[in-house]
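From first to last, the protein sequence lines stand for chains A and B. Residue numbers in the first sequence follow the numbering used here, run continuously in steps of one, and reach 83 at the last position. Residue numbers in the second sequence follow the numbering used here, run continuously in steps of one, and reach 83 at the last position.
Honestly, the hints are just simulated from the structure, not real lab data. Note that this is a predicted model, so its numbers are computed, not measured. Hints may be right or wrong, so weigh each one.
Remember, identical chains collapse to one label, so a pair may be satisfied in a single copy or spanning two.
What the hints assert, rightly or not - Once the Cα atoms are required to be at most 27 Å apart in a straight line, the calculated DSSO-like pairs of lysine-lysine come out as:
1) K22 to K58
2) K67 to K54
3) K13 to K62
4) K43 to K67
5) K22 to K54
6) K43 to K54
7) K13 to K43
There are 2 protein chains.
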Amino acid sequence: MTQFSARVTVRLKFGVLDPQGKAIEGSLNALGFEGIASIRQGKIFDVQLEATSKSAAKDTLKAMCEKLLANTVIEDYSVELVA
Amino acid sequence: MTQFSARVTVRLKFGVLDPQGKAIEGSLNALGFEGIASIRQGKIFDVQLEATSKSAAKDTLKAMCEKLLANTVIEDYSVELVA
């Protein structure tokens, strides 16, 4: 078993309303920041896991996203091994 | 003014307890996933903004992090221009 470091990014799908992002945009405007066209907020998970191979690690991470980390109705995920 | 796409990542500093990450770890174990050494959750902001130059865009994004997006007492941030 090898130890892998992975980064899982979960973002709202294109077209899904992001009220949190809109609120941040409003706050930044209120703070005087100009020129912001849009802000969308997502989640990132830094995962350390053991697996037999890179592809096994990716498969496990994708299964984690499907089952728990992402709501695939409104969110997209991407999995990236960093070490 | 040029339009820039940026990705801002905000993570808890090393050593800061991450109860949300621990809860996710527990849930994944309960779902039958094995070999997870640790999970830490962070935030990602996809920002579209206008600025006069790359360095001006980066400076604006760093200021946004310092003022609103990150709690610099417990969180680190990184800013990356993607286009």
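A quick look at each hint next to the structure:
1. Proximity of K22 and K58 under a CA criterion of 27 Å is satisfied inter-copy only: 21 Å between copies versus 33 Å inside one chain copy.
2. When the C-alpha separation of K67 and K54 is checked against a cutoff of 27 Å, the pair qualifies only within one copy, where the shortest distance is 20 Å, while the shortest distance between copies is 39 Å.
3. Within a single copy, K13 and K62 get their C-alpha atoms as close as 17 Å, and across copies as close as 26 Å, so both meet the 27 Å cut-off.
4. For the identical chains of this complex, K43 and K67 are neighbours both inside a copy (16 Å) and across copies (20 Å), given an alpha-carbon limit of 27 Å.
5. When the C-alpha separation of K22 and K54 is checked against a cutoff of 27 Å, the pair qualifies only between copies, where the shortest distance is 24 Å, while the shortest distance within a copy is 38 Å.
6. For the homomeric pair K43 and K54, the shortest alpha-carbon distances inside one copy (23 Å) and between copies (25 Å) are both at most 27 Å.
7. Proximity of K13 and K43 under a CA criterion of 27 Å is satisfied in both settings, with 13 Å inside one chain copy and 16 Å between copies.
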